[in-house]
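*Asks:* Go by the hints and put chain B onto chain A.
So the sequences go chain by chain: A and B. Under the numbering used here, read the first sequence as residues 1 to 332, first letter to last. Under the numbering used here, read the second sequence as residues 1 to 332, first letter to last.
Don't take each hint at face value.
Copies of the same chain look alike in the list, so a pair counts if it works inside one copy or between any two.
Below, in silico cross-link-like pairs of lysine-lysine (BS3-like), each with a Cα-Cα straight-line distance of 30 Å or less [as the list claims (entries may be wrong)]:
id, residue 1, residue 2
1, Lys298, Lys32
2, Lys266, Lys113
3, Lys145, Lys266
4, Lys113, Lys41
5, Lys14, Lys113
6, Lys267, Lys8
Keep in mind the hints are simulated off the structure, nothing from the lab. Computed from a predicted structure; not experimentally measured.
2 protein chains.
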Amino acid sequence: MSSYTAIKLIARPKPGPVTPDIFEVVQQEIPKAGPGQILIKQTHMSLDPAMLGWMSPDPESYIPPVELGAVMRSSGLGEVVESNHPDFAVGDRLMGIMGWTEYCLSTGQGLNKVQPGLDAETVLSVFALPGLTATQGLFGFGDPKKGETIVVSGAAGSVGSLVGQLAKAEGLNVIGVAGDDEKCDWLVNELGFDGAINYKTDDIAAKLKALAPKGIDIYFENTGGPIQQHVFDRMNAHGRIVVCGMIADYGKAEPSAGPNWIPIIKKRLTIQGFAMPDHFGDVPALVARLTPYVMAGKIKHRAHVLEGLESAISGLNLFFTGGNKGKLIVKL
Amino acid sequence: MSSYTAIKLIARPKPGPVTPDIFEVVQQEIPKAGPGQILIKQTHMSLDPAMLGWMSPDPESYIPPVELGAVMRSSGLGEVVESNHPDFAVGDRLMGIMGWTEYCLSTGQGLNKVQPGLDAETVLSVFALPGLTATQGLFGFGDPKKGETIVVSGAAGSVGSLVGQLAKAEGLNVIGVAGDDEKCDWLVNELGFDGAINYKTDDIAAKLKALAPKGIDIYFENTGGPIQQHVFDRMNAHGRIVVCGMIADYGKAEPSAGPNWIPIIKKRLTIQGFAMPDHFGDVPALVARLTPYVMAGKIKHRAHVLEGLESAISGLNLFFTGGNKGKLIVKL
Numbered sequence: 001m002s003s004y005t006a007i008k009l010i011a012r013p014k015p016g017p018v019t020p021d022i023f024e025v026v027q028q029e030i031p032k033a034g035p036g037q038i039l040i041k042q043t044h045m046s047l048d049p050a051m052l053g054w055m056s057p058d059p060e061s062y063i064p065p066v067e068l069g070a071v072m073r074s075s076g077l078g079e080v081v082e083s084n085h086p087d088f089a090v091g092d093r094l095m096g097i098m099g100w101t102e103y104c105l106s107t108g109q110g111l112n113k114v115q116p117g118l119d120a121e122t123v124l125s126v127f128a129l130p131g132l133t134a135t136q137g138l139f140g141f142g143d144p145k146k147g148e149t150i151v152v153s154g155a156a157g158s159v160g161s162l163v164g165q166l167a168k169a170e171g172l173n174v175i176g177v178a179g180d181d182e183k184c185d186w187l188v189n190e191l192g193f194d195g196a197i198n199y200k201t202d203d204i205a206a207k208l209k210a211l212a213p214k215g216i217d218i219y220f221e222n223t224g225g226p227i228q229q230h231v232f233d234r235m236n237a238h239g240r241i242v243v244c245g246m247i248a249d250y251g252k253a254e255p256s257a258g259p260n261w262i263p264i265i266k267k268r269l270t271i272q273g274f275a276m277p278d279h280f281g282d283v284p285a286l287v288a289r290l291t292p293y294v295m296a297g298k299i300k301h302r303a304h305v306l307e308g309l310e311s312a313i314s315g316l317n318l319f320f321t322g323g324n325k326g327k328l329i330v331k332l
Numbered sequence: 001m002s003s004y005t006a007i008k009l010i011a012r013p014k015p016g017p018v019t020p021d022i023f024e025v026v027q028q029e030i031p032k033a034g035p036g037q038i039l040i041k042q043t044h045m046s047l048d049p050a051m052l053g054w055m056s057p058d059p060e061s062y063i064p065p066v067e068l069g070a071v072m073r074s075s076g077l078g079e080v081v082e083s084n085h086p087d088f089a090v091g092d093r094l095m096g097i098m099g100w101t102e103y104c105l106s107t108g109q110g111l112n113k114v115q116p117g118l119d120a121e122t123v124l125s126v127f128a129l130p131g132l133t134a135t136q137g138l139f140g141f142g143d144p145k146k147g148e149t150i151v152v153s154g155a156a157g158s159v160g161s162l163v164g165q166l167a168k169a170e171g172l173n174v175i176g177v178a179g180d181d182e183k184c185d186w187l188v189n190e191l192g193f194d195g196a197i198n199y200k201t202d203d204i205a206a207k208l209k210a211l212a213p214k215g216i217d218i219y220f221e222n223t224g225g226p227i228q229q230h231v232f233d234r235m236n237a238h239g240r241i242v243v244c245g246m247i248a249d250y251g252k253a254e255p256s257a258g259p260n261w262i263p264i265i266k267k268r269l270t271i272q273g274f275a276m277p278d279h280f281g282d283v284p285a286l287v288a289r290l291t292p293y294v295m296a297g298k299i300k301h302r303a304h305v306l307e308g309l310e311s312a313i314s315g316l317n318l319f320f321t322g323g324n325k326g327k328l329i330v331k332l
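Next up, chain A with everything else stripped away, as it sits in the complex (with noise of 0.2 Å):
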């Protein structure tokens, strides 16, 4: 009889950084797959931003929030060691929905089938969540036209940097925020963004200016926090906001101001926030949106990967100090 490692969540974080003592640690013994279930032994994790939210109790937002108790929500990668549904067989590899947890029952529902041949970096960097996010953002809501300026905020992050790379296969100007150098030289270096911004230490205006002559038409948002303001009052007629993530402000007792809505009228713009939730249903043909550009070589990423289950936990704080190079993975 073996036991495995899960971590729950046991009480509602604070606002500030992730506390260790809001989850709680158990071993438990690895169950068998009962009539129609399948055993899954995870062996990579995906943390994102958007966790910071599913902690909190927010009956207006777009996922129930995880209960008190209940093993911590996270996407994953996992094999399947045991097996009692026809369409699973041992050794598969399956994406989804796993959580916090070395092991997991699963009745399939909501998992995908991993193509052979794909390493867990690029399936959870690229395939997963953010290649999914940036691809119906841009797509689906930036309506990005060659020629045109986009701006990125949080543009190292996983779903940033692969939202400045599609827009620059699609012959935009693409300017990346981030919140250090090497970040900044990583974007415009190895990524082939047109310039880069740390927001810590640039003049944001006068950096904008000089990166946007003709002005911002998209402004994908991943971030909140001054750049905000900044890239709004550059913003081009008929220009398209995407709103993915506000991560500046996620911890904050009290959320910082937005915009005054003038400019919203004086330059007709567009508004959009979206969660993936909504997108579930399309993801394949997401998958089939995002390939071409993976194959031809045009979407690098990179991954920085945690070591074990519990690293989770201070993983977090990551997303707040912008301390995590690349898109996080908790290998197992």
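*Replies:* Positioned in the frame of chain A, the structure of chain B alone reads:
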């Protein structure tokens, strides 16, 4: 040789109420129509909140500002008194941009003939800019659906009163926001709104909760001001916000802050700004869309008529004070 009066803009307005010193009242000789021209005697002039924006230079606005020394811009209704143009006969009634003037010359470009039988107040209150704006904003961007709840700010204004009546005719729960009890009473008892909020004296949050128990699906924003955050807080998932006017902020040196953007993601909101000059090509379709409601007797209006060209100057300040009761029209 007779003369007529016109009013020119000679200085840019300062924040706060409009002062007479930015205008010059001039007497000019009535011109003769040249080849291909018509001479129009304006009979009624429309005052619209958008004029406040037209007076200030803003390279990013949707329409160039009125040049200093030029006749102030406005739309109006006039009669052809001399014609050298095959498409226009003496006695034709025309609607369009004519300016603050008793007479103007035109080639007819941009002017539309007015259906006989419609009185001047109906033309300028319903079928001119306010009705086109209400129709484009509500149906073009608001996507109203029977049973949904809409909140209209500036609801007793020329655009807002039409938006609310159109929405009511479509079977929505319609809540209007206005600045005095007489207007609120008019909205509910004359126009058939389901509820009204006096933003100056009511407990806005409590009243919104009572009138929109299932939340708000559409916010038609004409004013800005404190109502904005309250409505924003009660928007439903997939809500639409149509931003048409921000009168509460136009006169301010420092525009007020907008709402934080986190709810835009959580509720997947769409915020759309618009301005009618983008849609002037659709005027025939908009008139066709609006006409059946008028013919069915579903659209009431009231005009607030000022007498004489010079009344336009102080008349503009009624937009700031909310002192107008219905569509502002200057009778010449």
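*Asks:* It remains to establish, for every hint, whether it holds in the given structure.
*Replies:* Taking the hints in turn, this is what the structure says about them:
1. Lys298 - Lys32: Neither, since 43 Å and 67 Å both go past 30 Å.
2. Lys266 - Lys113: The answer is between: 29 Å across copies meets 30 Å, while 48 Å in one copy does not.
3. Lys145 - Lys266: Classified as both: same-chain Cα gap 22 Å, cross-chain 27 Å, threshold 30 Å.
4. Lys113 - Lys41: Result: close within a single copy only, 14 Å intra versus 75 Å inter.
5. Lys14 - Lys113: For Lys14 and Lys113, the Cα distance exceeds 30 Å both inside one copy (37 Å) and across copies (64 Å).
6. Lys267 - Lys8: This pair counts as between: shortest inter-copy Cα distance 27 Å, intra-copy 47 Å.
Checked against the numbered hints listed earlier, the structure breaks hints 1, 5; every other hint is satisfied.
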